[in-house]
Amino acid sequence: MNKLKMMPEWLIMVVFAAAILTMPIWMSPLGAAYPDLLQKFAIFGVFAIGYNILFGLTGYLSFGHAAFLGVGSYTAVWSFKLLTMNVLPAIFFSVLFAGVFAAIIGFISLRRSGIYFSILTLAFAQMSYNLAYSVLTPITNGETGLQLERDDPRIFDTAVTEGLPTTELFGLSMSGYSGFYVCAAFLIIAFYVSLRIFRSPFGLKLRAIKSNQTRMRYTGYSTRPYLLTAFVISGMYAGLAGSLMAVTDPLAGAERMQWTASGEVVLMTILGGVGTLIGPLLGVGIIKYFENIFSAINETVLHGFFDFLPSWLQEFMVFITSPFVGEGWHLTLGILFMLIVAFLPGGIMEGIDKIKSKFSKSSGQSDDSTTEAVREGA
Amino acid sequence: MSTDKKNGSSCSRRTVLKSGAALGAASAMPMFYTRDAWAAKDFRNNPGNASSVTIGFNVPQSGAYADEGADELRAFKLAVKHLNGEGDGGMMQTMKPMNLTGNGILGKKVEFVTGDTQTKSDAARASAKRMIEKDRVIMFSGGSSSGVAVAVQGLAQEMGVIFMAGLTHSNDTTGKDKRRYGFRHFFNAYMSGAALGPVLESEYGTNRRAYHLTADYTWGWTQEESIKNTTEALGWETAKTVRTPVGAGDFSQYITPVLNSGADVLILNHYGKDMINSLTQAIQFGLRDKNVNGKDFQIIVPLFSRLMAQGAGENIKGILGTTNWNWALQDAGSQAFVKAFGQEYGFPPSQAAHTCYVQTLLYANACEMAGTFYPPEVIKQLEGFKFDGMGNGPTEYRAEDHQCFKDVLVVKGNQNPSSQFDLLEIVQEVPRAQVEYDAKIFGGELGPYEV
Numbered sequence: 049m050n051k052l053k054m055m056p057e058w059l060i061m062v063v064f065a066a067a068i069l070t071m072p073i074w075m076s077p078l079g080a081a082y083p084d085l086l087q088k089f090a091i092f093g094v095f096a097i098g099y100n101i102l103f104g105l106t107g108y109l110s111f112g113h114a115a116f117l118g119v120g121s122y123t124a125v126w127s128f129k130l131l132t133m134n135v136l137p138a139i140f141f142s143v144l145f146a147g148v149f150a151a152i153i154g155f156i157s158l159r160r161s162g163i164y165f166s167i168l169t170l171a172f173a174q175m176s177y178n179l180a181y182s183v184l185t186p187i188t189n190g191e192t193g194l195q196l197e198r199d200d201p202r203i204f205d206t207a208v209t210e211g212l213p214t215t216e217l218f219g220l221s222m223s224g225y226s227g228f229y230v231c232a233a234f235l236i237i238a239f240y241v242s243l244r245i246f247r248s249p250f251g252l253k254l255r256a257i258k259s260n261q262t263r264m265r266y267t268g269y270s271t272r273p274y275l276l277t278a279f280v281i282s283g284m285y286a287g288l289a290g291s292l293m294a295v296t297d298p299l300a301g302a303e304r305m306q307w308t309a310s311g312e313v314v315l316m317t318i319l320g321g322v323g324t325l326i327g328p329l330l331g332v333g334i335i336k337y338f339e340n341i342f343s344a345i346n347e348t349v350l351h352g353f354f355d356f357l358p359s360w361l362q363e364f365m366v367f368i369t370s371p372f373v374g375e376g377w378h379l380t381l382g383i384l385f386m387l388i389v390a391f392l393p394g395g396i397m398e399g400i401d402k403i404k405s406k407f408s409k410s411s412g413q414s415d416d417s418t419t420e421a422v423r424e425g426a
Numbered sequence: 051m052s053t054d055k056k057n058g059s060s061c062s063r064r065t066v067l068k069s070g071a072a073l074g075a076a077s078a079m080p081m082f083y084t085r086d087a088w089a090a091k092d093f094r095n096n097p098g099n100a101s102s103v104t105i106g107f108n109v110p111q112s113g114a115y116a117d118e119g120a121d122e123l124r125a126f127k128l129a130v131k132h133l134n135g136e137g138d139g140g141m142m143q144t145m146k147p148m149n150l151t152g153n154g155i156l157g158k159k160v161e162f163v164t165g166d167t168q169t170k171s172d173a174a175r176a177s178a179k180r181m182i183e184k185d186r187v188i189m190f191s192g193g194s195s196s197g198v199a200v201a202v203q204g205l206a207q208e209m210g211v212i213f214m215a216g217l218t219h220s221n222d223t224t225g226k227d228k229r230r231y232g233f234r235h236f237f238n239a240y241m242s243g244a245a246l247g248p249v250l251e252s253e254y255g256t257n258r259r260a261y262h263l264t265a266d267y268t269w270g271w272t273q274e275e276s277i278k279n280t281t282e283a284l285g286w287e288t289a290k291t292v293r294t295p296v297g298a299g300d301f302s303q304y305i306t307p308v309l310n311s312g313a314d315v316l317i318l319n320h321y322g323k324d325m326i327n328s329l330t331q332a333i334q335f336g337l338r339d340k341n342v343n344g345k346d347f348q349i350i351v352p353l354f355s356r357l358m359a360q361g362a363g364e365n366i367k368g369i370l371g372t373t374n375w376n377w378a379l380q381d382a383g384s385q386a387f388v389k390a391f392g393q394e395y396g397f398p399p400s401q402a403a404h405t406c407y408v409q410t411l412l413y414a415n416a417c418e419m420a421g422t423f424y425p426p427e428v429i430k431q432l433e434g435f436k437f438d439g440m441g442n443g444p445t446e447y448r449a450e451d452h453q454c455f456k457d458v459l460v461v462k463g464n465q466n467p468s469s470q471f472d473l474l475e476i477v478q479e480v481p482r483a484q485v486e487y488d489a490k491i492f493g494g495e496l497g498p499y500e501v
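Line order of the protein sequences matches chains A and B. In my numbering, each residue carries its 1-based index in the first sequence increased by 48. In my numbering, each residue carries its 1-based index in the second sequence increased by 50.
Hints listed in this document are in silico derivations from the structure and should not be mistaken for laboratory results. Incorrect hints may appear among the rest.
A few chain A residues facing chain B, derived, Cβ under 7 Å [as the list claims (entries may be wrong)]:
hint: 1; residue: E57
hint: 2; residue: A67
hint: 3; residue: Y82
hint: 4; residue: T192
hint: 5; residue: G193
hint: 6; residue: N340
Values in this document were obtained by computation on a predicted structure and should not be read as measured data. Note that the Cβ used here is the ideal one computed from N, Cα and C, for glycine as well.
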């Protein structure tokens, strides 16, 4: 952990970029190397990194970040409908709108802290969801979701003659692996910005808010502008993630704004390790992996998996494991989450730290900083 | 890859064919000629020389439509069994015309993967993408919500993989959102309205005030519109239409205002668990015991299913609706399917199971007819395909909008059920001619064959 802390930024970025860009290779033994899931990893990675800037650094638990994700998605799809199928304007306007929206919600919600802040953000998100779901149907197309149509204006593009246009970046199609690499590029940029924030004086002030806001006020700092800035930044990250979702798949639905979607990013962050740089990404990986791969395991697959056992034992193993896969993936995830929160409150990163410090102890170094590392993160 | 050898042989076959054409036999065998051209054409998830093909079943395993999803999955598994020549073959004994051999599709064993749509467009598309990109399916099917069907149908068109829609009843699926790569066997809201109209007139007269509670998404909207058009043509008034969120659970806040609205008919445009809940609560509020405007208060559920009837229990008795198919039908196709399904699972199939089973067989049959998995050719076989012996009498896949046209059943909750499954009594089998409409009225554009 401390090693990571001392590592120069360029080295971290090189290692990180290499790890992300080679995902199609090292994910394939896990059965996760297909474009859609890889795109999801990258997109939710952006979302979780941004969320972590607020929750990890300031300790303010927002239960409403899915609202910004939704705003980003809707803005992007409208940009595809009205302006052009090029993704850059879509991403730009999504981030902008999500930022403005976050500034409004943040301005009101940040008048309170702790549980009241969480409830306020939850209320705003639920309001946004219901607006998108029913009241604003002309803008959002309600439950059916906002989709592209052939006769949309698209003022900068030539009219399409047949079928639907697809999203592109100067001719590069945004589906499949090219879509993943674009998302990955944004993830790397997002990670770099987050790294800079974590190591900046601004990041230090945010940490100070987390450890003792009252004391910070006594020293003459007004905390709210810092909090609002952090809130808006993380809202913009969510907007970016939302726009990338629309970029890879030009459709926006209200369920993206539902409180379960907000809860998901909280789970991801906690599972991986709150306040650490890499933790949220690990959380994203685990949850998305469960959602897409575990949920698709059915009994036939299990039979194949336990094929080497004698048939009675095979039947038994399938019987035992089948409630935990397929539609039962939520159950497995729940148990995992419970175990991690109970035994590793710092998330997976704490687990990694513990293992590391065991090793370094045996090699003669002093166990100086486990607790500090856990508190401060990477 | 093990395909090199085979490629070599297919080349030589082409050479043979070409020289055959040069000899002047071209006109005698145009089929072979074009078929060879398709073989050369690559497409997404081309099974090539693999010994098996994979198809994907994307159904709701959680949420308001989970019961339907579970039954759809049972039917899919049964269809795969029958295609591979296991079991008694079910409707493959009765389908006409049929090219299926019980030896998989085009000699390739059929395998399948499953996914959970969660009745959400996003999750459904993610799951469908996994099937297409990771499991390399050549076709996918399923869905119990029109919102989901419309969303994944768009994806099917984008990816160039055929989607055989399961239970979806919105007019939009084969109307304004129709796609070249999407096909629907199930009937739609317009047909429900057209079939229900005359029965409503004879049962409830021409002077009624209707109050709609509508599931707030594409299916609810189009069903409300279709039923409203039908009832207003009968001379009924529409007191009010209220939209309710899908999966609301508690509908009491929507039902209380009905009591004071002066309406004497409540139309529930709900499906699945939503319909079970709203109907149960409407009955608990005593709506059916009331007498408004000098008439007995009535409840209508335009889209009915046996699974819902099972969930609603006693409350369903005497309530009118329409359904795509019912296991009590006496034709040979229905009987064969009910028997096969019953032997496998111990209870009769629902209409959702029926449509999914039929869709799977229809796709497989179209591949056999086309002699290839190349989607544009399979689509051309399905378009305008006329068949019989699949439980609904003579049926046609209309080429203009990929909608099946067949008879529609008007049903009523059985007053004296003879078993726990005998819940719907067939009031009328409405002939196809009465529910047909011009494909142009809903607009939309199918899009290109080649993507």
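Okay, the hints, checked on the actual structure:
For E57 (chain A), the interface hint is violated, the least distance from its beta-carbon to any beta-carbon of chain B being 34 Å, above 7 Å. At about 21 Å, the closest approach between the beta carbon of A67 (chain A) and any beta carbon in chain B exceeds 7 Å, and the interface hint on this residue is violated. Hint status for Y82 (chain A) relative to chain B: holds, with the closest Cβ pair at about 4 Å, below 7 Å. A hinted interface residue such as T192 (chain A) counts as satisfied when its beta carbon comes closer than 7 Å to some beta carbon of chain B; here the least separation is about 4 Å, so the hint holds.
Checking G193 (chain A) against chain B: minimum C-beta separation of about 5 Å stays under 7 Å; hint holds. Interface restraint check for N340 (chain A): the shortest CB-CB distance to chain B comes to about 6 Å, inside 7 Å, so the restraint holds.
Violated hints, listed in ascending order, are 1 and 2; each of the other numbered hints is respected by the structure.
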